[in-house]
Amino acid sequence: MMLAAPASGDAAVVLVELGAVALGLAVLARAATRLGIPAIPLYLLAGLAVGEGGVAPLDVSQEFISIAAEIGVLLLLLALGLEYTAEELRAGLRGGAGPGLADALLNFTPGVAGGLLLGWDVTAAVLLGGVSWITSSGVVSKVLADLGWMANRETPAVLNLLVLEDLAMAVFLPVVGALVAARSLGETALTVAASILVVTLFLAVALRFGRRLSRVLGGASDESLLLSVFGLTLLVGGLAERARVSAAIGAFLVGLALSGPVQQRARTLIGPLRDLFAATFFFFFSFQLRPSRLLDAAVPALLLGVVAACTKFGSGWVACRRLGIGRAGRLRAGAALVARGEFSIVIASLGAKTASGEELGSIAAAFVLLTAVASPLLARVVVRDRPAGRSRRTGQIQI
Amino acid sequence: MPRINETQLPGVGVRHEFVTAAGQRVAVVSHRTGRREVAVYRNDDPDACTTVLELDADDTGVLAEILGAPQVAAATNAMQRIEGLGIDWLRVASPVASGTTIGAGRYRARTGASIVAVIRGDETFGAPGADFELQSGDVVVAVGSAEGLGQLGSLLRG
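Those protein sequence lines, which keep their order, are chains A and D.
Each residue of the first sequence is one higher than the last, beginning at 1 in the numbering used here.
Each residue of the second sequence is one higher than the last, beginning at 400 in the numbering used here.
Isolated chain A, as found in the complex (with noise of 0.2 Å):
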């Protein structure tokens, strides 16, 4: 009885705080949908307000909200794993594979070029690169729909560019997962080379048995087929993190095996569990970063992201010209593509034990609210600045 009442009373706090949390994003949601923008600054803006240094500090049990923030990572990964089926993977790979590349050397560059310029060691500029390059395809999706563009010509070329990304993780996310494990260059060369190896053979294993335990699963009712995904993700994912290979690529790789209905079927089923786990995988992120340091990261995060806005429509031209879309079509791509968002502060968040990890966290936390924002505000500004009939001075009064 003794012990008893002091454990409850401490789950009671935690169910009030969680509470309170969970009640603060759903506003931030709510008001994100008003104003037409991503929801993800403001909850990085919401982590950054009650974190330790914020206008209204909060004591949160962050034993609990770090491994829900852990599971949020795993569960954006299994979707993005569960997002595209093999034949759109290939085609994209068939179709695109020249946009795409341009894509990576015009995004990437940016990041890497400023983390040597900040002084960082190779691996956290790497990381940097890896948080420019990345398009978010949440907020991307949000702007094609809300502004209607889902029809538009140049909406296959933004969604290919999306699905390129989405294949070019599966070898970039292994990569800095060794280069953040390794101590020396020649323990790097082997872990890079290892982790590839065991992506390689997941890969293998997955392709040969994914059918199979897509058909072994498909026959589960919603119920036993979403704690199967659930359970498959935080038990690859931990092997992974054990084998040195994070986490993150372990739930990837489960979302690439899965095929056919049980992948549609599972992407239903798994997409509220990961809006839950990701807004606070996001709050956290933030939560854990001093306002101040992030105020020093603003200059360097404004730079790049105006650097990496302008190197995203260069992609969004660049694949947009093959298909022979418009100069306002190519724009419009542009703009859609700038977003960066939730894989970016994945990313960012594989290095937080890193020398320069807090200030590659801030510098990807601003430079993902700047880029979140702005894409919304530039896509627009791009209709309104329309070749033909008005000039552009009144598109750029309007911004």
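Derived by calculation from the structure, the hints in this document are not laboratory data.
All figures in this text were calculated on a predicted structure; none of them were measured in a lab.
We put the beta carbon where it would ideally sit given N, CA and C, even for glycine.
A few of these clues could be false.
[Claimed, not checked] Computed far set for chain D versus chain A, every beta-carbon distance over 10 Å:
{"no.": "1", "residue": "490"}
{"no.": "2", "residue": "502"}
{"no.": "3", "residue": "520"}
[To be verified] One-sided excerpt, in silico: chain D residues whose CB lies under 7 Å from chain A:
{"no.": "4", "residue": "413"}
{"no.": "5", "residue": "414"}
{"no.": "6", "residue": "418"}
{"no.": "7", "residue": "426"}
{"no.": "8", "residue": "438"}
Fit chain D to the supplied structure of chain A, relying on the hints for placement.
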């Protein structure tokens, strides 16, 4: 018939587009969730379009029924003309036919037309057997030559 172009939208669904007789380009985006968007391309920018209609799965069914029903009838008529084989919906009214099984009526032997389904109220019985008992008010779906269908119709009407 205008040509329909299909474009895959990875992660979203598929887009179909065609040009109407009046020269307007129309696109239908079928989301994987079952939602549909009907959009019309603009004149000032051939790459951009304006969504004119958003439909969920049920709405799509309703719209397809309204737009598609005459199409189905036309296709059926065309089939009847081309292949000499028709399909017809015949109401059972004859006191002789109602209360008798399909086998006892020897409809196929007498007319050459086959009864492929029976619609009774809200229920549909596909491929009814010889022991299926027809009732007054049933609608019989039959396949056969135009002549055979005519004979079957008069047998069932009584």
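Notebook entry, point to check: Which of the numbered hints are not met once you compare them with the structure shown?
Noted result: 4 and 6
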